[in-house]
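Chemist: What follows is the residue order along each chain.
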Amino acid sequence: MSDMIVPSFGNDEDTGRKLAIICSKGSLDMAYPAFILGNAALGEGIAVDLFFTFWGFDIINKKTMDHLKFSPVGNTATHMPAALSPLPGVTSFATHSLKKSLTELDVPEVRDFLGLLKDSGANIWACQLSADMNHLVKEDLYEGVDAIINASAFIEMTDGAQLLFI
Amino acid sequence: MSDMIVPSFGNDEDTGRKLAIICSKGSLDMAYPAFILGNAALGEGIAVDLFFTFWGFDIINKKTMDHLKFSPVGNTATHMPAALSPLPGVTSFATHSLKKSLTELDVPEVRDFLGLLKDSGANIWACQLSADMNHLVKEDLYEGVDAIINASAFIEMTDGAQLLFI
Amino acid sequence: MSDMIVPSFGNDEDTGRKLAIICSKGSLDMAYPAFILGNAALGEGIAVDLFFTFWGFDIINKKTMDHLKFSPVGNTATHMPAALSPLPGVTSFATHSLKKSLTELDVPEVRDFLGLLKDSGANIWACQLSADMNHLVKEDLYEGVDAIINASAFIEMTDGAQLLFI
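Chains as they are written, first to last, in our numbering: chain V, 1 to 166; chain B, 1 to 166; chain U, 1 to 166.
Chain V on its own, in the form it takes in the complex (with noise of 0.2 Å):
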């Protein structure tokens, strides 16, 4: 596993500091970011929440946690000319792209990441309206998920922290 990437289990310094993240983007290269701030938040001794929510819910969704796709659609970081971007199998090609370059990084999947993030003390929370708006219920997400709560819910518990909107 990467340097970058060490799980923080038995981690008990408490700093008093709370991370809140909000994960709103269900694409591959967007749910990696919270991923990672929050191992390193919660090795540093941080309380983290992460509040998945509008198209981030696909990160929690048993159907599609496992098959979240990247797309240089739109993004000229990719250097892909804004033609060529939306063939078929260009989502395919850049998902595999991706996927490979974390994996050669010891960077965990999207399912073990949640895992580790879970067995390190981050709280995993889904977003209500997101849930009523997709028809889901808790039976549908990611066994670690603690439950499903409103904004107001998730505003209360983040007295206090850092917040992140990814």
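These are calculated hints, taken from the structure and not from any lab test.
Any given hint could be a false lead.
For chains that are exact copies, the list does not tell them apart, and a pair is met inside one copy or across any two.
[Said to hold, decoys possible] In silico DSS-like cross-links for lysine-lysine, where the CA-CA straight-line distance does not exceed 27 Å:
#	residue 1	residue 2
1	K18	K99
2	K18	K100
3	K138	K62
4	K63	K18
5	K138	K100
Place chains B and U on chain V using the hints.
Modeler: For chains B and U alone, kept in the frame of chain V given last:
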């Protein structure tokens, strides 16, 4: 109205908490996270400042705010093939579908939601640089906008606030 | 130079406030919010740390930083039909237009703006994992980069900071 979108009129408990949300995207799907989190925060007695900047200017531009669109292009969480999502009609269809889902859950439309936030005590700020880039003045903007301010003024007022960049 | 982009050289008032901005996008339009907010914060006597990661690595990669592009693909706030925006030439045209708008408002180009931030006291950090994924070392990066650090180091230094994820 949905349980999730409870108007927070008359909440006079002051927690001392402040939440400042920078709204930089102008698509329909990225307008709602700011509204929903902002409204939840107001309901918890938290002072809320919304700062509309860059593409987010469309949300407070009188001419565009009632016609925000949602495009599945580049968004793999919509599960639409990348080759189909740019086709004519797809943006209209996707926008209509998203609006329908939101309406079914009693989530207000953009203008109404902004009015709700305003009535609940939120401050609504427009970015000076974005106004200049778009050649817009205050009269071009939603009447609930408190003022056009520059980034320095926004940074100054967010002392002690939790921040979100959407 | 625009009123909005006042260099903050020589501001030696220390407010104790800290702002840490995670720059994860590599497109031209998403580089500027970090620059403008960071510069405004420096002007208010706030310590600023910029952490370039994922696609945001393009902003500090010597080979790409002077050629950041903007694509209207997937961005409904550009009001360009989704079928047109991937066509050849559109990215170049949109990039040129955005640069022109910024230049007219005396907003510096990417390299100059980074230099301005650096001279005003900002710290510029590159993400270790992103460097590894891109097979880049410090010599490949903008000379103003202070160091390549991992997410844990970044999280550690942001104790007490306000956070933005762009």
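Chemist: Each hint: holds or not?
Modeler: Outcome of the hint check:
In this homomeric assembly, K18 and K99 never come within 27 Å of each other (Cα to Cα): the closest approach is 30 Å inside a single copy and 35 Å across copies. Taking CA atoms no more than 27 Å apart as the test, K18 paired with K100 passes in neither setting, with 32 Å inside one copy and 36 Å between copies. In this assembly of identical chains, the alpha carbons of K138 and K62 lie at most 27 Å apart only when taken from the same copy (10 Å versus 40 Å across copies). Taking the closest pair of Cα atoms, K63 and K18 never come within 27 Å of each other, the shortest separation being 30 Å inside a single copy and 37 Å across copies.
With identical chains, the CA atoms of K138 and K100 are at most 27 Å apart between copies only, with a shortest distance of 23 Å across copies and 31 Å within one.
Violated hints, in rising order: 1, 2 and 4; the structure is consistent with all others.
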